[in-house]
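J.: The primary structure of each chain is shown beneath.
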Amino acid sequence: MSDSAAISGGLPGGAGVVPIRRDPHHVGHHAAGEGETRAPGRGIGGPAPKRIVVAYGFWIFLLSDIVMFSAFFAAFAVLRGGTAGGPTGAELFDITNVAIETVLLLVSSFACGVATLALNARRPLVFQAAMAVTFLFGAGFLALELREFADLIARDAGPSRSAFLSAFFTVVGCHGLHVTAGLLWLLTMMAQVFAKGFRPDILRRVMCFSLFWHALDIVWVAVFTVVYLMGSAA
Amino acid sequence: MSHTQGSAPDDRAHADIAPGDEYAHEEFGTGLRSYVIGLALALLLTAASFWVAQTRIMWAPAIPVALLTFAIAQMGVHLVFFLHLTSGPDNTNNIMALAFGVLIVFLLFGGSVWIMHHMNTNMMAPIEGGVQMPLQKGVPLQPQPAMPHGGGGHH
Chain A
1 MSDSAAISGG
11 LPGGAGVVPI
21 RRDPHHVGHH
31 AAGEGETRAP
41 GRGIGGPAPK
51 RIVVAYGFWI
61 FLLSDIVMFS
71 AFFAAFAVLR
81 GGTAGGPTGA
91 ELFDITNVAI
101 ETVLLLVSSF
111 ACGVATLALN
121 ARRPLVFQAA
131 MAVTFLFGAG
141 FLALELREFA
151 DLIARDAGPS
161 RSAFLSAFFT
171 VVGCHGLHVT
181 AGLLWLLTMM
191 AQVFAKGFRP
201 DILRRVMCFS
211 LFWHALDIVW
221 VAVFTVVYLM
231 GSAA
Chain B
1 MSHTQGSAPD
11 DRAHADIAPG
21 DEYAHEEFGT
31 GLRSYVIGLA
41 LALLLTAASF
51 WVAQTRIMWA
61 PAIPVALLTF
71 AIAQMGVHLV
81 FFLHLTSGPD
91 NTNNIMALAF
101 GVLIVFLLFG
111 GSVWIMHHMN
121 TNMMAPIEGG
131 VQMPLQKGVP
141 LQPQPAMPHG
151 GGGHH
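Respectively, the protein sequence lines represent chains A and B. My numbering applies: residue 1 is where the first sequence begins, and numbers increase by one. My numbering applies: residue 1 is where the second sequence begins, and numbers increase by one.
Please keep in mind that the hints were generated in silico from the structure rather than gathered at the bench.
Label-pair distances were calculated between CB atoms; the ranges are:
id : chain 1 : residue 1 : chain 2 : residue 2 : range
1  : B       : F106      : A       : P200      : 33 to 41 Å
2  : A       : S64       : B       : M123      : 27 to 35 Å
3  : B       : A99       : A       : W185      : 23 to 31 Å
4  : A       : P200      : B       : G88       : 18 to 26 Å
All values derive from a computational prediction rather than experimental measurement. Heads up, the beta-carbon is just placed ideally off N, CA and C, and yes, glycines get one too.
Let's have the full structure, built from the sequences with the hints guiding it.
T.: What follows is the structure, given as C-alpha cells:
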C-alpha cells in the first residue's frame with residue numbers, strides 16, 4: 001500500500017478508516033509499517049490525553065519557578081558576606097527552629113502524597129483527612145517562619161539592614177509566599193472535591209496542586225542547606 | 001492514568017505518564033509504600049545535614065561539600081519517591097524537561113558564584129592597612145620603614 005493511496009483513501013471521510021501515515025519513510029519502524037504504536041501522544045495515536053498535557057505544562061511551569069529561585073539563591077550566595085557591620089547568619093539563625101520547620105514541611109508533603117493516593121482510590125473521606133493534615137503542617141511551617149521574621153525585624157535585622165539580610169528575606173520570603181499561595185490552593189481543592197466530586201477537571205487540579213506542594217519541599221531543601229546551614233557556618 | 005481504549009496491552013509502555021503520577025495499577029497500599037520509603041530517606045538525609053552542620057569532628061572545608069551532597073541526594077529522593085520520576089520510556093519527556101531545568105539552575109547559580117568570587121578577589125579596592133597594591137609599578141603605596149635591599153616595589 002503506497003502512501004498516496006492511504007491519503008486519498010482517508011480523505012473523503014468514508015467508511016474505510018485508513019490511518020494517514022505521518023512518517024512516510026517509517027523512520028525507526030519496520031519496513032512494512034508494523035510495530036507502530038497506537039499509544040496516545042505517539043505517531044498515529046493522536047494527541048496525548050488532557051491529563052498528561054496539563055500535568056506536563058504545570059511541570060514546565062514548576063521548573064521555570066525553580067530557575068527563578070536559583071537566581072535568588074545565587075544572589076544570596078554572592079551577598080552572604082555583605083553584612084555591612086550588622087549581624088551575621090551565625091548570630092541570627094536558630095537552627096533548631098529550622099529543623100522543626102523542615103520536618104513540618106516534609107510531613108506535609110508526605111500527607112499530600114497520601115491525599116493523591118486517596119484521590120486515585122476515590123476515597124473522599126481519606127482524601128479530606130489527608131489534605132487537612134497537609135494544611136495543618138503547612139500552616140505550622142508558615143507560623144514558625146513568620147515568627148522568625150518578626151523576631152529578626154524586632155532585633156533590628158530586617159531586610160533593609162544589610163545586603164545579606166535583603167537577600168535572606170527575598171529568598172526565604174519568596175518561598176514563604178509560595179507556601180501561602182499553596183495553602184489557599186489546598187483549601188480550594190478540598191472545597192472543590194467536596195462540592196463537585198472526583199470530576200476529571202478537579203482531578204487534574206489536585207494533581208497540579210500536589211506537584212506544586214512537592215516542588216516547594218524540594219526548594220525548601222535548597223533553602224535550609226544553602227541559606228541556613230551554609231549561611232550560619234560562615 | 002491514561003485510558004487506552006482496547007488497544008494492545010504493550011501500548012501502555014509506549015505511552016507517556018504525567019509528572020507526579022503513579023501507575024494506574026497501583027493500589028492504595030503499594031502506592032503508600034513509596035511515600036513511606038521517601039519520608040524515611042528524607043528524614044535520614046535531613047538529620048545527616050543538620051548533624052554535619054553542627055558537629056565539630058568534621059574537617060571544616062569538607063562540610064559545605066557534604067551539605068551539598070546530602071541536599072542533592074534528598075532532592076533525588078523527593079523526585080523518585082514523591083514525584084515518581086523513573087528512567088522509563090514513559091517518563092522521557094519529564095526527565096528531559098527536568099534535565100534542562102537543572103542545566104539552567106547550575107549555569108545560573110554556579111556561574112554567579114564563580115564570577116562574583118573572582119570579582120571579589122581580583123577587583124578588591126586597596127584598603128588601608130589591608131592588602132597593599134602598588135598604584136604604579138615600582139612605587140610603593142606607603143613608604144616602607146626598613147627596606148634592606150633599597151628596592152622600590154614589593155611583590
